[in-house]
Amino acid sequence: MSGVQRATASDSNAITSPLLSVRDLRVRFGTKRGVAHVVNGLSYDVAPGETVAIVGESGSGKSVGVMALLGLVPQPPGRVEGDVWFEGRNLATASERELRQVRGNRVAMVFQDPMTSLNPVLTIGRQLGESLRLHHGASRREADARAVELLDLVGIPSPRQRLGDYPHQFSGGMRQRVMIAMGVVTNPSLLIADEPTTALDVTTQAQIVELVQELQQRLGMAIVWITHDLGVVAGLAHRVLVMYAGRIIESGIVDDLLGDPRHPYTRGLLASLPRPGRDRPARLFAIPGLPPDPVALPAGCAFWERCSYRLDDTERDSVPALREVAPGHHVACVYDVPAIERT
Amino acid sequence: MSGDTLPEVSDTLLEVSDPLLEVSDLAVHFRARGKGVVKAVDGVSFNVRRGETLGIVGESGCGKSTTGLALLRLVEPTAGSVRLDGVELAGLRGGALRAMRKRVAMIFQDPYASLNPRLSIGDIVAEPLEVHGLHAGRTARRMRVDELLTMVGLDPNFRTRYPHELSGGQRQRVGIARALATEPDVIVADEPISALDVSVQAQIINLLEDLQGDLGLTYLFIAHDLAAVQHISHRVAVMYLGRIVELADRVTLYEAPAHPYTQALLSAIPVADTAVERARTRIVLTGDVPSPRDPPPGCNFAGRCPRAEDACRDVDPVLEPLRVGHDVACLVARRELADGDSPAAVTRP
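Note that the protein sequences, when read in sequence, are chains A and B.
Just so we're aligned: 477 in the numbering used here is position 205 of the first sequence, and the numbers increase by one with no gaps anywhere.
Just so we're aligned: 223 in the numbering used here is position 51 of the second sequence, and the numbers increase by one with no gaps anywhere.
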């Protein structure tokens, strides 16, 4: 990838002070088998209006890591440590009441399965209106009018007629639109989206991604988008954090990270994607083995066992720290993995 | 065969050999409670040759999974014919049906839901052997189980473990071992990788290809992930609302898709390359898939089709060859070819 794109893309997090600042976030759970170390020292910033994608496979800690930001990890069995600075206050020390305030107003959350987030026995209009009446003291009539506006905003045809419909009368994509409408009701500064398109068909996914991007432009909110899909990341993110075994193992501007991945894990993930068309690789690259058990994390690099670049035992004893390999591009690997030759 | 490349089905074989699996006008209709008939599969025809992988793609509700289930008579077809090696499967009963099921095995999407949690891995893999009376005797059966586990890349010691002790990828390997137990000719794989992590998906795809090379298996690979389907398949059928709308070899389908629905699907697949994503012009489909209970007259896709013409709303297009080996059910694609317009004017980055 060219350096030109790098320069333009990095504008997004220059100058402005961050909206969200996460410092050394750790989450562990007591389990029957022992203590599971799920998130092991996450630190990152999100600038206002920026889209940050957090990428990882199941068990990487990507979802728990954002749940913990908003006090949504039950304690016990969980235990959360670290600081979460958001709009000038530390959510890690905030009361439950303050957290509710933040969740209802400043931060919107959208999850993978909209059906489980919607109440099946209440009409869509009622559920949309609820938060308006609760948080803003709107009358029934005002709430209905605003609900129609919101459904229209997220592209639901004939919104007035659909206010009286129940969630099961909507398709998966439409339900996710409703969830997004409910999220942006209060003009939040941050949208956290946890695999919001994973359960959707590819054409519907494209519609939802486009909708979120439109809303972001219109409302100026920052987005933290959690996904395992590097394709979605390419079309959506400004910056990418790749997680493995509860840590960030690579971060950078999307062009750098996808165009010139430097961590053996990121590189393996990208190489393992099937590419349609004539230039079909004879065989997909497959990362051997499995991620480590969070109850028995190795002392050193968590990827060592599966790494095709490892030379010796160097990384076995201590966890490699994130180091800058190019402006704004950080990698937690002691090796200088050569740049990819692209055809 | 080393399994290093997509096992080639030689052209001569493709032309000469009789298809192993012949499906014609297959229909599966369900009676919906008081609300008429849902046409989940509505007249599907295709052939698969020995050693070939036919991919079936489509979005949820298009009938791709029901098609797979109907082949094994796990749902009863309403109409149509399925022939395996020339033998009609409709109407088979008892022993004859069991014998057929020995030759056609299935791999499911969620290996957790499809493995009995109370059975050990060894018992799960041995179950089809028992049902079909193969490798009788404790020692023989255990040797066969060990062999099957080894074939799918699992240590034979896994036989004493239980599904919950395994990762998703390992469970899917068990599902594959179970499918291989009866030495089937055909494997119907229904979304075999979509519940797995990206890095594990590649392991399973490679395994399926290796097994095809080693055992000469014939696959029907059903999935919504067009990139994965195009990787593993020789030919790909695209389904929409119970019908096949396009059927072509994998390269043609990618480089010269003729049906507007295929074009839209291709244009919506996210690619992990920012240059591709920025250059992309997505064909955005409006609306949702119409209900299979009440399909519109004319072409099923006309209501969402960006290129629909008046005739599309009246005439129900038939799946016919556009060129040799490239079947399309679309009036517009056909007319454009006749007019000498470039069909499938999709620009690829």
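Any given hint might turn out to be false.
[What the hints assert, rightly or not] Derived DEER-like restraints, expressed as beta-carbon distance ranges:
hint: 1; chain 1: A; residue 1: Leu-394; chain 2: B; residue 2: Asp-197; range: 42 to 50 Å
hint: 2; chain 1: B; residue 1: Pro-493; chain 2: A; residue 2: Pro-392; range: 43 to 51 Å
hint: 3; chain 1: A; residue 1: Asp-424; chain 2: B; residue 2: Asp-257; range: 56 to 64 Å
hint: 4; chain 1: A; residue 1: His-407; chain 2: B; residue 2: His-336; range: 41 to 49 Å
hint: 5; chain 1: B; residue 1: Leu-246; chain 2: A; residue 2: Arg-432; range: 43 to 51 Å
hint: 6; chain 1: B; residue 1: Asn-288; chain 2: A; residue 2: Lys-304; range: 18 to 26 Å
hint: 7; chain 1: B; residue 1: Ser-463; chain 2: A; residue 2: Gln-485; range: 42 to 50 Å
hint: 8; chain 1: A; residue 1: Pro-392; chain 2: B; residue 2: Ser-463; range: 15 to 23 Å
hint: 9; chain 1: B; residue 1: Leu-291; chain 2: A; residue 2: Pro-392; range: 42 to 50 Å
hint: 10; chain 1: A; residue 1: Ser-293; chain 2: B; residue 2: Arg-495; range: 52 to 60 Å
[Said to hold, decoys possible] Think about it this way: if two alpha-carbon atoms lie no more than 25 Å apart in a straight line, the pair counts; the simulated SDA-like pairs of lysine to any residue are:
hint: 11; chain 1: A; residue 1: Lys-304; chain 2: B; residue 2: Lys-274
hint: 12; chain 1: A; residue 1: Lys-304; chain 2: B; residue 2: Asp-318
hint: 13; chain 1: A; residue 1: Lys-304; chain 2: B; residue 2: Phe-202
hint: 14; chain 1: A; residue 1: Lys-304; chain 2: B; residue 2: His-336
hint: 15; chain 1: A; residue 1: Lys-304; chain 2: B; residue 2: Asp-197
hint: 16; chain 1: A; residue 1: Lys-304; chain 2: B; residue 2: Pro-191
hint: 17; chain 1: A; residue 1: Lys-304; chain 2: B; residue 2: Arg-485
hint: 18; chain 1: A; residue 1: Lys-304; chain 2: B; residue 2: Leu-244
hint: 19; chain 1: A; residue 1: Lys-304; chain 2: B; residue 2: Asn-288
hint: 20; chain 1: A; residue 1: Lys-304; chain 2: B; residue 2: Arg-290
hint: 21; chain 1: A; residue 1: Lys-304; chain 2: B; residue 2: Asp-190
hint: 22; chain 1: A; residue 1: Lys-304; chain 2: B; residue 2: Arg-333
hint: 23; chain 1: A; residue 1: Lys-304; chain 2: B; residue 2: Tyr-334
hint: 24; chain 1: A; residue 1: Lys-304; chain 2: B; residue 2: Asp-488
hint: 25; chain 1: A; residue 1: Lys-304; chain 2: B; residue 2: Arg-205
Treat the hints as calculated values from the structure; they're not laboratory data.
Even for Gly, the Cβ is constructed at its ideal location relative to N, Cα and C.
How the hints compare with the structure:
{"no.": "1", "hint": "A:Leu-394 <-> B:Asp-197: 42 to 50 Å", "in the structure": "holds, 45 Å"}
{"no.": "2", "hint": "B:Pro-493 <-> A:Pro-392: 43 to 51 Å", "in the structure": "holds, 47 Å"}
{"no.": "3", "hint": "A:Asp-424 <-> B:Asp-257: 56 to 64 Å", "in the structure": "holds, 57 Å"}
{"no.": "4", "hint": "A:His-407 <-> B:His-336: 41 to 49 Å", "in the structure": "holds, 43 Å"}
{"no.": "5", "hint": "B:Leu-246 <-> A:Arg-432: 43 to 51 Å", "in the structure": "holds, 44 Å"}
{"no.": "6", "hint": "B:Asn-288 <-> A:Lys-304: 18 to 26 Å", "in the structure": "holds, 23 Å"}
{"no.": "7", "hint": "B:Ser-463 <-> A:Gln-485: 42 to 50 Å", "in the structure": "violated, 30 Å"}
{"no.": "8", "hint": "A:Pro-392 <-> B:Ser-463: 15 to 23 Å", "in the structure": "holds, 20 Å"}
{"no.": "9", "hint": "B:Leu-291 <-> A:Pro-392: 42 to 50 Å", "in the structure": "violated, 34 Å"}
{"no.": "10", "hint": "A:Ser-293 <-> B:Arg-495: 52 to 60 Å", "in the structure": "holds, 59 Å"}
{"no.": "11", "hint": "A:Lys-304 <-> B:Lys-274", "in the structure": "violated, 42 Å"}
{"no.": "12", "hint": "A:Lys-304 <-> B:Asp-318", "in the structure": "violated, 32 Å"}
{"no.": "13", "hint": "A:Lys-304 <-> B:Phe-202", "in the structure": "violated, 46 Å"}
{"no.": "14", "hint": "A:Lys-304 <-> B:His-336", "in the structure": "holds, 15 Å"}
{"no.": "15", "hint": "A:Lys-304 <-> B:Asp-197", "in the structure": "violated, 55 Å"}
{"no.": "16", "hint": "A:Lys-304 <-> B:Pro-191", "in the structure": "violated, 54 Å"}
{"no.": "17", "hint": "A:Lys-304 <-> B:Arg-485", "in the structure": "violated, 61 Å"}
{"no.": "18", "hint": "A:Lys-304 <-> B:Leu-244", "in the structure": "violated, 42 Å"}
{"no.": "19", "hint": "A:Lys-304 <-> B:Asn-288", "in the structure": "holds, 23 Å"}
{"no.": "20", "hint": "A:Lys-304 <-> B:Arg-290", "in the structure": "holds, 21 Å"}
{"no.": "21", "hint": "A:Lys-304 <-> B:Asp-190", "in the structure": "violated, 58 Å"}
{"no.": "22", "hint": "A:Lys-304 <-> B:Arg-333", "in the structure": "holds, 19 Å"}
{"no.": "23", "hint": "A:Lys-304 <-> B:Tyr-334", "in the structure": "holds, 18 Å"}
{"no.": "24", "hint": "A:Lys-304 <-> B:Asp-488", "in the structure": "violated, 60 Å"}
{"no.": "25", "hint": "A:Lys-304 <-> B:Arg-205", "in the structure": "violated, 46 Å"}
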